[in-house]
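Guided by the hints, dock chain S onto chain U, whose structure is given.
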Amino acid sequence: MAASHPLFWRLVSRALWTRRSRMLVMFLALWVGAVIICALGAIYLDIDAKMSRELRTFGANLYVGPQAGRVLDEPSWQALDQALPPASRLAAGGFVYGMARLQQESVMLMGANLESMADLAPYWQIQGERLAVSFDERHAMLGKKLAQRLELKPGDTVTLVKGSQRQDLVIKGIVESGDSTDYYLIVNLALAQRWLDSPHRLSHGLLSLDNQQGQVESIAARLQQQFPALEVRPIRKVSANEGAVLFKIQGLMGLICVVILLLSTLCVNTTLMALIGERAREFALQKALGASRQAILRQILAETLLVAAVAALAGLLGGALLAQLLGQTVFSSSIGLRWPVLPLTLGISLLVAALATVMPVRRALALEPARVLKGE
Amino acid sequence: MSLVIETRQLSKHFGKVTALDGINLQIRQGEFVAIMGASGSGKSTLMNLLTCMDTLSDGQLLLGGVDASSFDEDQRRRFRADRMGLVFQQFHLIPYLSALENVMLAQHYHSVVDEAAARAVLAQVGLEHRMDHLPRQLSGGEQQRVCIARALVNAPEILFADEPTGNLDEQNEQLVLGLLQQLHRAGHTIVMVTHNPELGAMADRVIRLQHGHLVQEEVAYAPVVA
Numbered sequence: 001m002a003a004s005h006p007l008f009w010r011l012v013s014r015a016l017w018t019r020r021s022r023m024l025v026m027f028l029a030l031w032v033g034a035v036i037i038c039a040l041g042a043i044y045l046d047i048d049a050k051m052s053r054e055l056r057t058f059g060a061n062l063y064v065g066p067q068a069g070r071v072l073d074e075p076s077w078q079a080l081d082q083a084l085p086p087a088s089r090l091a092a093g094g095f096v097y098g099m100a101r102l103q104q105e106s107v108m109l110m111g112a113n114l115e116s117m118a119d120l121a122p123y124w125q126i127q128g129e130r131l132a133v134s135f136d137e138r139h140a141m142l143g144k145k146l147a148q149r150l151e152l153k154p155g156d157t158v159t160l161v162k163g164s165q166r167q168d169l170v171i172k173g174i175v176e177s178g179d180s181t182d183y184y185l186i187v188n189l190a191l192a193q194r195w196l197d198s199p200h201r202l203s204h205g206l207l208s209l210d211n212q213q214g215q216v217e218s219i220a221a222r223l224q225q226q227f228p229a230l231e232v233r234p235i236r237k238v239s240a241n242e243g244a245v246l247f248k249i250q251g252l253m254g255l256i257c258v259v260i261l262l263l264s265t266l267c268v269n270t271t272l273m274a275l276i277g278e279r280a281r282e283f284a285l286q287k288a289l290g291a292s293r294q295a296i297l298r299q300i301l302a303e304t305l306l307v308a309a310v311a312a313l314a315g316l317l318g319g320a321l322l323a324q325l326l327g328q329t330v331f332s333s334s335i336g337l338r339w340p341v342l343p344l345t346l347g348i349s350l351l352v353a354a355l356a357t358v359m360p361v362r363r364a365l366a367l368e369p370a371r372v373l374k375g376e
Numbered sequence: 001m002s003l004v005i006e007t008r009q010l011s012k013h014f015g016k017v018t019a020l021d022g023i024n025l026q027i028r029q030g031e032f033v034a035i036m037g038a039s040g041s042g043k044s045t046l047m048n049l050l051t052c053m054d055t056l057s058d059g060q061l062l063l064g065g066v067d068a069s070s071f072d073e074d075q076r077r078r079f080r081a082d083r084m085g086l087v088f089q090q091f092h093l094i095p096y097l098s099a100l101e102n103v104m105l106a107q108h109y110h111s112v113v114d115e116a117a118a119r120a121v122l123a124q125v126g127l128e129h130r131m132d133h134l135p136r137q138l139s140g141g142e143q144q145r146v147c148i149a150r151a152l153v154n155a156p157e158i159l160f161a162d163e164p165t166g167n168l169d170e171q172n173e174q175l176v177l178g179l180l181q182q183l184h185r186a187g188h189t190i191v192m193v194t195h196n197p198e199l200g201a202m203a204d205r206v207i208r209l210q211h212g213h214l215v216q217e218e219v220a221y222a223p224v225v226a
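Residue numbers (UniProt numbering), protein chains in the order written: chain U, 1 to 376; chain S, 1 to 226.
Honestly, the hints are just simulated from the structure, not real lab data. All values reported here derive from a predicted model rather than from experimental measurement. Heads up, the beta-carbon is just placed ideally off N, CA and C, and yes, glycines get one too. No incorrect hints appear here.
Some chain S residues judged to face chain U by a derived CB distance under 8 Å, without partners named: (1) S44; (2) N48; (3) M53; (4) R78; (5) R80; (6) L86; (7) H92; (8) A106; (9) Y109; (10) V113.
One chain only, chain U, in its complex shape (with noise of 0.2 Å):
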């Protein structure tokens, strides 16, 4: 039967619709497929922006600092802080450190940039207040450890002592960073140099650069050939992991979509199943009529891939509804929805369902006329 003919289409949509409880059975097992590989595909195709974002949240990915026997300076500093690619540069900040002498013991004072601190240590977690200004010079942050051994809480006052010199400071956060600058007294890098006697001196920096094409081990390279008097390396614990974190999470969508996706063929496939056993006397007729083994062929793929089409169609809108739900629950972000979703989204749809229709139509095929109208 041509496919042309809107016969052959008046057959079609009315098996579909007779056999509509069935039917929907296969929508929905294709819907779902779709809903997954429409969502999992977005997020695939925007993870890497997304989770490099997330990844950065821990901080710096680039050391820069003196090598033995040579010191970091301010101007060395800023020299390669304005060497960096501008596009790549997200956050920067020197860090000074250093004993200093409080009135009840002597503790580790660090001074840094502190209005960095939000991107280059994200994951400090703070009770009170930010310093987040380089100006401040009466209020500090305590780390953890250091504001319970000495009993103090935010709003409590500390005072440095230098021989005759005072300098009162009022505690306005406690952080807690899970590293040594819980045990360290924080200040401003101003503050912390010229209490320190360490005028324009840094002890290391920090950068937090875009890493989303591994551009950071590139660019290191690059400022340590330029600053030779500087250490410059990658700080791999986070710039390394970031690519095999991010291939594990693809790999692990990729295995949740080939799952759903062979579930859905199996469903699809035993629906189908069962279809041509109820509609072996249609097709036996058929064939006994003179219908090709095409034409019964056309007649089964018509049927299954335009619930194939709906299905990817319906997926489409809810795998987007299901991206979005991903992004803001993972990614505290929308995601995008890229144009390569649209074909991928159909096209697996299609290849699922045509798969699916192998068996059956093979059992549609091999029905005998004479046997099944006789209803043997």
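Chain S only, in chain U's frame:
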């Protein structure tokens, strides 16, 4: 009159069981032949072979002078669509297509759909007022007449009817038989399988089968054709 069907030593075996054994048969154009016999006599098997719905094991089958013995599946399908009309005991109408569409379906698999011709043949069997009804909205007799219209729509050389009144009440049986006689008088070749002697008596010739053998051929009725 030319031979439309000829079988020579036609046999069909199902494994070790012989369903038909050495059948020699000739049916001429315009004849109304009834194939009769008890259940298991082989009449349905013979019908399946004559309608190219099954393949023979031994012997030769000539249809319209063409040797159909070694036809492959596609050739048998094409031959059946082009030159035969089939009437089934259980009607076998597509339940979600109207009477008219069921008839048009046979046209579709044959060549091209001609709605006017389909309407005309439905009118010929007295269903001009039921064309748009679904099979479930038709009586048994009406469904069988749709089935006959479907069989006739492509102007076949031979009309095969397998127990055409087997599922009908007496009133509808008479209606369908009248229709078959009318078609016969109009010159159609009809081959009918039946176990009903009354139906057999309507035919020009009765072929009796017993345990797969042709045991008797008799003229049951004053033949229409000379």
